[in-house]
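Q: Following the hints, put chain E in place on chain X, whose structure we already have.
2 protein chains.
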Amino acid sequence: MTAASAPDASTNPDLFQARLAQIAGEVEGEIRRALSSAPLPLEITRPDRLLEAMRHGTLNGGKRLRPYLVVACADMLDPDFARQNRAGLIRAATALELVHCYSLVHDDLPSMDDDDLRRGQPTVHKAFDEATAILAGDALLTMAFDLLADPATSADAQVRLDLITGLARAAGAGGMVGGQMLDLAAEGRHSPDQAQLQLSEQQIRQLQSMKTGALLRFACEAGAIYVRSAPDVRSKMALFGQIIGQAFQIADDLIDVESAPATAGKATGKDAAKGKATLVSLKGIAEARAELDRLTAKAEDCLAELGRDGHELRTVARFIATRAF
Amino acid sequence: MTAASAPDASTNPDLFQARLAQIAGEVEGEIRRALSSAPLPLEITRPDRLLEAMRHGTLNGGKRLRPYLVVACADMLDPDFARQNRAGLIRAATALELVHCYSLVHDDLPSMDDDDLRRGQPTVHKAFDEATAILAGDALLTMAFDLLADPATSADAQVRLDLITGLARAAGAGGMVGGQMLDLAAEGRHSPDQAQLQLSEQQIRQLQSMKTGALLRFACEAGAIYVRSAPDVRSKMALFGQIIGQAFQIADDLIDVESAPATAGKATGKDAAKGKATLVSLKGIAEARAELDRLTAKAEDCLAELGRDGHELRTVARFIATRAF
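Residue numbers (the working numbering), protein chains in the order written: chain X, 1 to 325; chain E, 1 to 325.
Next up, chain X with everything else stripped away, as it sits in the complex (with noise of 0.2 Å):
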């Protein structure tokens, strides 16, 4: 099976791009769906303010990225019924993104990484205020795990039931939560008086594979869960994920290093300012360099090792490589 003639996303990076732009649509199409003012069946209201604030953190510009890497995976696996059953697909990714943003919404919070702004528009606490920001991303994350078990998501119970556990271990106390956990402390942010703790480059890849790096995996994961792909697949694709999510982090503290701000999209310099020590501070700028490239090649042998037509996901890994999205 090759498509090589016919213009795809390695050889076109535009229209890796016009995929990526495609499935944003499609999930904030979703998001709109389950976050619309109408009632709910069984005159279930939901407060007016609530609705708006949790589309304030959802609808806001962002790449989707773990959207597009769950339906990306399920796309390469089994097109067939990944084309087939579109819509379930995209219910899936869209839990994904929920759990993403509400993250965003809570991190943004004056007591944690206190943020004013994201994508140039004021974080939730500052349009609305504290509460409702801590209480929008709570029914955010709950959301998620609604739409997971709604059998429109997927036919298959068991389908439902790994996407909910895996999304549940990927965002919890030993992932995407416990990662923010450790954050704090590297950065003393727990209290005033807390000591700033200097990590080692172990520590450093422990609170990075949780942090972002859990999720991820788990989006990757996620689309051989849907197509119900065989253990030893689905293994694979999670492995694939940790590395782009590897990837994706060196890639991220190369730009806060590296470019200038108007480059990045967003401040940079943030990790030396605060003194947090990063792969690229204790390694420097040449050696995560390197690592990348290795990683890259990585995640490419990955692929390779399915057998499949990942020429769309190698394009993926070198885009994350670049962070040039």
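Treat the hints loosely; a few may be bogus.
What the hints assert, rightly or not - 30 Å max Cα-Cα, derived DSSO-like pairs, lysine-lysine:
| no. | chain 1 | residue 1 | chain 2 | residue 2 |
| --- | --- | --- | --- | --- |
| 1 | X | LYS63 | X | LYS276 |
| 2 | E | LYS63 | E | LYS298 |
| 3 | X | LYS126 | E | LYS126 |
| 4 | E | LYS283 | E | LYS298 |
| 5 | E | LYS126 | X | LYS270 |
| 6 | X | LYS63 | X | LYS270 |
| 7 | X | LYS126 | E | LYS283 |
| 8 | E | LYS126 | E | LYS63 |
| 9 | X | LYS63 | X | LYS274 |
| 10 | E | LYS126 | E | LYS274 |
| 11 | E | LYS126 | E | LYS270 |
| 12 | X | LYS298 | X | LYS283 |
| 13 | X | LYS276 | X | LYS298 |
| 14 | X | LYS126 | E | LYS274 |
| 15 | E | LYS126 | X | LYS276 |
| 16 | E | LYS270 | E | LYS63 |
| 17 | X | LYS126 | X | LYS276 |
| 18 | X | LYS126 | E | LYS270 |
| 19 | E | LYS283 | E | LYS270 |
| 20 | E | LYS126 | X | LYS274 |
| 21 | X | LYS270 | X | LYS283 |
I should point out that these hints are in silico values taken from the structure, not numbers from a laboratory.
A: This is chain E only, laid out in the frame that chain X set:
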């Protein structure tokens, strides 16, 4: 089927208290296991400080009313099945308690109810810090779904999915979190410049049915889900839960106006001090008491219609109406 000659919870209030304490002990054992510092499989590390905060927010002497209701309802509907599947039933019940506890951790935060003490102990953000309390709450909510999705909770995948859907709806924007949002608005707490809303009777009922009612309602429904009751039985149990939830709230409001703090075991007169309307302030103590009596009768009717040996749950309804535990 009658147990009128045997000592039971309806003829012996001490036995009801003993049942409540028994289930609380089982639920706390489950929470301890779930939050143990022992490493998880797959070398997943959970930060110690996060686990400590999660334990602080859950193992604080709660009465465990919601898990009790799950277990007691399952016991009434299918005693043999409930007995044979006790460990799984306790896991399901524990998931509801984790959600209840997370909501208390977040509600106590400075930007929400700003409480320093709960059951005489420092609240999680006082004992740890605000960021840790937010993350501990997030992790407890996430863990509840992990617990429910696990086959150890029920061998029946549909039961697990129904529990997840029901919990997500009871806890989310159309349930508990939405109710907390309405409560903050009613107290004018969203921001210093926001006017306090004066709620109508209907709005108070709506707020209470969401903030505390939804999870109590679901606790009773969850018992029916667990033992795979027919849809009409499940609806009837949800109705029973809704009624005792209403009674629970009126009893709470009555305690707030009638009791000395030492008797109530917590600060009283809080609603009046906040200028917050309750059904008691709106309709007077006598009418509130009369409604409580009507609700207790209605709860008993509900059990009678089920044609089961509901003596224990009848006692529960009466205990809740007096809050005498």
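Q: Next step is simple, just say for each hint if it's right about the structure.
A: Okay, the hints, checked on the actual structure:
1. X:LYS63 with X:LYS276: holds, 26 Å
2. E:LYS63 with E:LYS298: Given that 30 Å is the threshold and the Cα spacing comes to 24 Å, the pair holds.
3. X:LYS126 with E:LYS126: holds, 24 Å
4. E:LYS283 with E:LYS298: Holds, at about 20 Å.
5. E:LYS126 with X:LYS270: holds, 29 Å
6. X:LYS63 with X:LYS270: holds, 22 Å
7. X:LYS126 with E:LYS283: Not OK: LYS126 of chain X and LYS283 of chain E at ~38 Å, beyond 30 Å, violated.
8. E:LYS126 with E:LYS63: Distance of about 22 Å is within 30 Å: holds.
9. X:LYS63 with X:LYS274: Holds - the C-alpha atoms of LYS274 of chain X and LYS63 of chain X are around 26 Å apart, at most 30 Å.
10. E:LYS126 with E:LYS274: holds, 23 Å
11. E:LYS126 with E:LYS270: Holds - the C-alpha atoms of LYS270 of chain E and LYS126 of chain E are around 21 Å apart, at most 30 Å.
12. X:LYS298 with X:LYS283: holds, 20 Å
13. X:LYS276 with X:LYS298: holds, 28 Å
14. X:LYS126 with E:LYS274: Holds. LYS126 of chain X to LYS274 of chain E sits at ~25 Å (cutoff 30 Å).
15. E:LYS126 with X:LYS276: Holds, at about 26 Å.
16. E:LYS270 with E:LYS63: The given pair, whose Cα atoms are some 22 Å apart, holds under the 30 Å limit.
17. X:LYS126 with X:LYS276: holds, 26 Å
18. X:LYS126 with E:LYS270: holds, 29 Å
19. E:LYS283 with E:LYS270: At roughly 18 Å apart (the allowed maximum being 30 Å), LYS270 of chain E and LYS283 of chain E satisfy the hint.
20. E:LYS126 with X:LYS274: With a Cα-Cα distance of about 25 Å, the restraint between LYS126 of chain E and LYS274 of chain X holds, given a limit of 30 Å.
21. X:LYS270 with X:LYS283: holds, 18 Å
Hint compliance for this structure: hint 7 is the single one not met.
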